[in-house]
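Number of protein chains: 4
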Amino acid sequence: MTTVEHIIADLALAESGRHQIRLAEQEMPGLMALREEFGDSQPLAGARIAGSLHMTTQTAVLIETLTALGAQVRWASCNIFSTQDDAAAAVVVGPGTFSAPSGVPVFAVKGETIREYWQYTDRILTWDGHDGPTIILDDGGDATLLVHEGVKAEKAGHVPPPLEEEDPAYNIEVEGMRHVLRASLEQDPTRFTRMAAGIVGVSEETTTGVHRLDQMHARGELLFPAINVNDSVTKSKFDNRYGIRHSLPDGINRATDVLMGGKVAFVAGYGDVGKGAAEALRGQGARVIVSEVDPICALQAAMDGYEVARIEDVVDRADFFITTTGNKDIIRVEHMAAMKDKAIVGNVGHFDNEIDMAGLARSGAKHQPIKPQVDEWTFADGHSVIILSEGRLLNLGNATGHPSFVMSTSFANQVLAQIELWVNLEAYPLGVHRLPKVLDEKVARSHLDALGVRLTELTEDQADYLGLPQHGPFKPDHYRY
Amino acid sequence: MTTVEHIIADLALAESGRHQIRLAEQEMPGLMALREEFGDSQPLAGARIAGSLHMTTQTAVLIETLTALGAQVRWASCNIFSTQDDAAAAVVVGPGTFSAPSGVPVFAVKGETIREYWQYTDRILTWDGHDGPTIILDDGGDATLLVHEGVKAEKAGHVPPPLEEEDPAYNIEVEGMRHVLRASLEQDPTRFTRMAAGIVGVSEETTTGVHRLDQMHARGELLFPAINVNDSVTKSKFDNRYGIRHSLPDGINRATDVLMGGKVAFVAGYGDVGKGAAEALRGQGARVIVSEVDPICALQAAMDGYEVARIEDVVDRADFFITTTGNKDIIRVEHMAAMKDKAIVGNVGHFDNEIDMAGLARSGAKHQPIKPQVDEWTFADGHSVIILSEGRLLNLGNATGHPSFVMSTSFANQVLAQIELWVNLEAYPLGVHRLPKVLDEKVARSHLDALGVRLTELTEDQADYLGLPQHGPFKPDHYRY
Amino acid sequence: MTTVEHIIADLALAESGRHQIRLAEQEMPGLMALREEFGDSQPLAGARIAGSLHMTTQTAVLIETLTALGAQVRWASCNIFSTQDDAAAAVVVGPGTFSAPSGVPVFAVKGETIREYWQYTDRILTWDGHDGPTIILDDGGDATLLVHEGVKAEKAGHVPPPLEEEDPAYNIEVEGMRHVLRASLEQDPTRFTRMAAGIVGVSEETTTGVHRLDQMHARGELLFPAINVNDSVTKSKFDNRYGIRHSLPDGINRATDVLMGGKVAFVAGYGDVGKGAAEALRGQGARVIVSEVDPICALQAAMDGYEVARIEDVVDRADFFITTTGNKDIIRVEHMAAMKDKAIVGNVGHFDNEIDMAGLARSGAKHQPIKPQVDEWTFADGHSVIILSEGRLLNLGNATGHPSFVMSTSFANQVLAQIELWVNLEAYPLGVHRLPKVLDEKVARSHLDALGVRLTELTEDQADYLGLPQHGPFKPDHYRY
Amino acid sequence: MTTVEHIIADLALAESGRHQIRLAEQEMPGLMALREEFGDSQPLAGARIAGSLHMTTQTAVLIETLTALGAQVRWASCNIFSTQDDAAAAVVVGPGTFSAPSGVPVFAVKGETIREYWQYTDRILTWDGHDGPTIILDDGGDATLLVHEGVKAEKAGHVPPPLEEEDPAYNIEVEGMRHVLRASLEQDPTRFTRMAAGIVGVSEETTTGVHRLDQMHARGELLFPAINVNDSVTKSKFDNRYGIRHSLPDGINRATDVLMGGKVAFVAGYGDVGKGAAEALRGQGARVIVSEVDPICALQAAMDGYEVARIEDVVDRADFFITTTGNKDIIRVEHMAAMKDKAIVGNVGHFDNEIDMAGLARSGAKHQPIKPQVDEWTFADGHSVIILSEGRLLNLGNATGHPSFVMSTSFANQVLAQIELWVNLEAYPLGVHRLPKVLDEKVARSHLDALGVRLTELTEDQADYLGLPQHGPFKPDHYRY
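Chains as they are written, first to last, in my numbering: chain A, 2 to 482; chain B, 2 to 482; chain C, 2 to 482; chain D, 2 to 482.
A couple of the hints might just be wrong.
[Claimed, not checked] Straight-line alpha carbon distances no greater than 30 Å define the calculated BS3-like cross-link-like pairs of lysine-lysine that follow:
#1 B:476 x A:438
#2 B:329 x A:438
#3 B:341 x B:111
#4 D:341 x C:438
The set of hints was computed from the structure by calculation and includes no laboratory data.
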């Protein structure tokens, strides 16, 4: 914990973070509009929110929006590398005075260990004078998982003993979590059970987290209602597509400075992320070749003017290879072995196994770091490939991820989900829910002014003609946008 | 009926239609693939299909696909203007020999009257030796309506007497339908009741028709299951968007020959049709301004780089005004009165009331036809506007509508829906259903070869990793593409 | 000549032409601005202009601009097929009253014979009470050629005798011209010599005409100064590029109704015409492959995101083949024999020999007309290609050519060239000249308002800093735009 | 000079530079092709080249190409900030061994003083055992200027005495140069005169340098022939346009991380740089508004689909302001005072006076650095603007300038110009020349393979038909591409 404390004492860091937060606020009109709308009514008064989500500048604006709406908040990051220490420090110090920290407790530091990670996650669930938080705000589902596993452990009365690293069943994440559970069980054998009873719900940011929640619910194990923020239109169709359109070329540029114009770029996948990637590369004058397994997305790619091919058929033609699939083994060693010399290979999909990094390490290719997050791997025949961010998300590893404006649409959904769970809980029985379309539209609406958009309003007569409420929602749930 | 008979005797027409059909087949790979796949197994053997859908060249390929799969078919158009007489004649004559017409009975002629229209609709429901068809293929729902109203009339034992045109309740469509019902009731007072009992279901092409079906079902009046073809991804996201991208500039060009490049084009609505319209106009070098009532679509338009404004704020800046909304009164007389001289105004949305043509006629503006489907209306101050297709769909009125390839995706869904109703009926209880995603993907798949697309295949291992069937379907139902 | 007279008596034709002219005026702001600027000062007063240029609606606006500036005008078309009879009739009748034709004598009718063509060209050089015109406005150079050949014939004292069609040296164009010269020499053996002496210059529209002038001048035979209008920026960079961007997809659509989106389009040549063609096809969602012989243009195409390949390497992949080169034998029979079934082949370059139509006719491929200007040629293996406009310019043959706005930039250059020759002749000694950049900029300037462009003005201080005149010209002559 | 020596002793720097050079070689196919073609024949053998051009990684590849062709080279940077020390060190150490520096003497260090700058320039003109270099390779013309001023000073026999900084005539650049001249005159009063006599010519990279050369030649002062590399097509139409397309969004991203999509971007100027800037911003989903003083460029911008307006009319609508003009006072304090809060302002044109930074400093706006090269200036009303790179070239200041591939086209022209001056001097009499088109085409040709371009070749018959050499050059000199 000392690292965290060290950081929060660093006022220079906090000051730099405060600058970044101020600039980001300008670019997060959705969150600022929610402060404006709900600042007086304090809908989150009384709520204790445990947040687990990348501790960045944008998240700082989210956190301070939650507190501005009346909530008490504790925060951890959902990834050991993604914390921006200056943002963390600024949140701890708070928006008021630097001399007397009055902000939100943050348990996150860039480069924390896995063991620390689970300890920090435990810390956000620990509230003096209370059994725990009342709502969880989750990204990937680790905080939710810890509560559920805690309840299970308390029911079972024990936690499996630690494994040695050599043990084939050893999983560093599982060990980190069990370490925390073991200590909790020892100290207070009903803590998680009481805590779960006091939690009204969770709002989840990601596909992965939603997938976990769906599975828990299917198994009948879900302990409280969940809101799936990921599938709001203003999340999935904005963050995924327009975020990548921005951050993919940014990452490539910062990593390599190599011209994209006139080159051939291979994009694996034409979902929302792939659509944004292809658009960005074309916008830089590259010729994009798409691969797809889904015939509908493949047909879309073709109709949008892209060549659609298999990687093995074009592997010797492309200069850039970008994976966007969420699947594994998209780019394999045999592909890299057949690429042009100095082909650039990166991932903006999900996990680092989209590119077979493990296979590459085993392949005998010679590894030469070029600069942080940029590595050259040279094959026996002398040709090399340039791997960005070791196969992890290059837009985060080589650049700074999605810009604030795009995160504002995602995070406004998070805030609305938190309000729904706190003041409108009866609408969300045990299960996994999407936000009602009217809130999705509200999020969109709050971002229009900043872009100079003037919305047309339906007349009463027109609304009657269409059989729609005059002020929305305007579309059936299955509408695809 | 003499007009129809006159046409089918015209072998020159039929020959020209046959040429067009042959060229269209090349561009409708989805339908041709279904002929290939199901030609031997004849899944529609025994089915009697009553089709009501624009009688064009593309529809001819659809009809001949249905017969190639074993069905017996009778056809009418769903619009009094949309029939292409040469295609109709060719379908009647059939693909075999011209001397002995062996094709499908078609009851449709360009410019038929409303009364004829309902008589023709009645004719497709009349099958010698049977109570009626076994399946309906509908566009807009008129054939389905006639059956439902027939059953009601037979229950009631009478049809309301005809109204005079002067009567304020007079509706020419309703009168046309009642005229037919009255004759039927007189001749055979249980005909529609027996017919409905023999109909296994209907597949519906359009939003409007689906809306009617939903309402019937909500009222408990629906007599047989319905499949909503409109909301297949390969229909709504292809026909609507890519069809308009093609046919909007085509219509403007044929109507006016006016340069789009460098001009300002106002597009009302940013749904799928609006997206296609905006893309087409931008692709010609126009600067596009979009209007929207839905904040999500408005935000999409902005993120796609378009100005989003209200019509009243830009009415004096635009050179083209295109409506795509499905709503009414989008462009009103006060707007047209304020436009630049010779502004071009057209609709690709739905009904002609998107542009207030009735108001324009009452406004005192002077009407001057320029050429068929192109009219100039001059206001008192001397400026004029150019109205395309009298406010009706300009891509049909001034050009030839969507190209065959796009219709192939829509119509392949229709054929699959017909097969589902005929051989897999138990999956479709009374109600309004969408086609299963696996069929949507099948439709997409059948159009890939023609575009040179080579699809990637999931390995078993990858499919397991994703928890998906190896050959699809690949996405959850709420996926938005 | 009777055909022409027949036309001009047809008031319905004239009325239709007048409508078209009125609408075109709206789209030709450059010409209208010149009427506005020079209507009072009448700079062309006293000029007798012999014009030889496609007699279309746009040309009618040009002609009436010349007369509005004080000129007397006589007109012929420069192509036997390109006359729009209604426009011709309207020009003859004149803008005033229909009962008393008061317009400009026009000698042109759609489908005139070659012999008539040369007689009509002779007629525009024949001015009652004068030796001939004072200025020529030429397109392709035939009027200029006739004068030069006339002078030569008068010097020689004879014209070669007519050849029989069977004679290998027979050239129908040359025979047509000699027929006219022979008659003139007989009637007045010094007519062309006196005429040439009275001509102050010629302004030439096209690359081909400029090439002829350059050659005449190189041989020392040029009789009067010439202005090369073709190479004004506002001609070559606008007409060629933006005109084709408009009229190429228009021609393809009207000819075939085939979807371009998702298809592969091969464009031969990436000059200004090729650039416009590629942009238009991409704007419709096609994937464009370019071929080039010039490495600079090839590199531009690549940097603009197009695949650059040879036709033989992609001939079996493309759905559309468009030639834009000005060269011959671009698409040869061996290519067409290897294309996909029903590939569409057309030319927007120059002459019909870009596609080897003669070779195709000799190849044994079976010819089947589909509709006017659309022909199917079927090879022995059963696959066919669709040829547009028999290999001639498809944007003219299948659509209506460049739109008025684009022609307005070209024709404003023509009018300014005529004024320069008439009032500023000393600036143009014997030779072939381009218009000064200040006039090129003037043409551009006169088209800005219509597009809503507001130009920024240099301050005096800024102009001094740049060492430029405050109001232009702004660029050195070699600037490439 | 110690700084320079310090650097070259830093082997870690040199090693890092060598890595960068190796990667850049891959992206500079034009230079590598020249090594391949001329490596054996050594056309630059005997040449002593004095180079003054930004000492970057790309320049390192240029330098090592010159030596590979036989030249001896000495190098300085043409800008006190642009040196990349690692590249400089690597060039000094040479491609061979690190222990015994065997490379090219480089006199440049990032952040050198103005006085050092002129001393370094003097050093590249100083060759042991010779009167000076035989050729100059210049960027901006300072090396050439120094020689010309040296000759003048030697003629005059004196250099004006140094001025005090307070003197209104004081110019730090002029003082730096005179300091060097004074020392030279003292030591060797005919040094520059002898040196100039031995220089066969100069090749110049930039518009500014060419402008100086044109003026010298107009005044009759030019001492040796000059080749204008700037106006090769493969320089001005590639470096300017495609370079900025790449490096503008890169600079904005690294500086601000602010989303461009959906925002309004104002671009001053639509020359080649402006065209590239507008394309890049549109490619990121921004809506671009262009300003222009030249009506031809303004019309191009409109035809390319951009709004064209004056800054004062849109200053409160734009989120980004980018200058590309080469002019001064484009964005003035009154504009910045009227911008939206946190508008981002940057320059990619030329000098920092495109944005009135001096006026801003005087305006009373409060300056707050955000991070290096990113500054916030807050006006009295509370709104602020973000200035990138203090108004200097943001693509260099906030990112890394043009990518290697684009510089390869520029630098290949430089190498060819050096060869022309050394082996083909008789073709270049005293004056300022452009490279012959055949060399421009050669440069383009050498970049095609890397982009997968396969060039079509004219047949002899086609070349005859066009009247062109079969292998180029293909276009007249005035062709605009």
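For each hint, the structure was consulted:
1. B:476 x A:438: Distance ~21 Å between residue 476 (chain B) and residue 438 (chain A) Cα, so the pair holds.
2. B:329 x A:438: This hinted pair holds, its Cα atoms lying about 24 Å apart.
3. B:341 x B:111: violated, 35 Å
4. D:341 x C:438: Status violated; Cα separation ~38 Å.
The structure is inconsistent with the numbered hints 3 and 4, although it conforms to all the rest.
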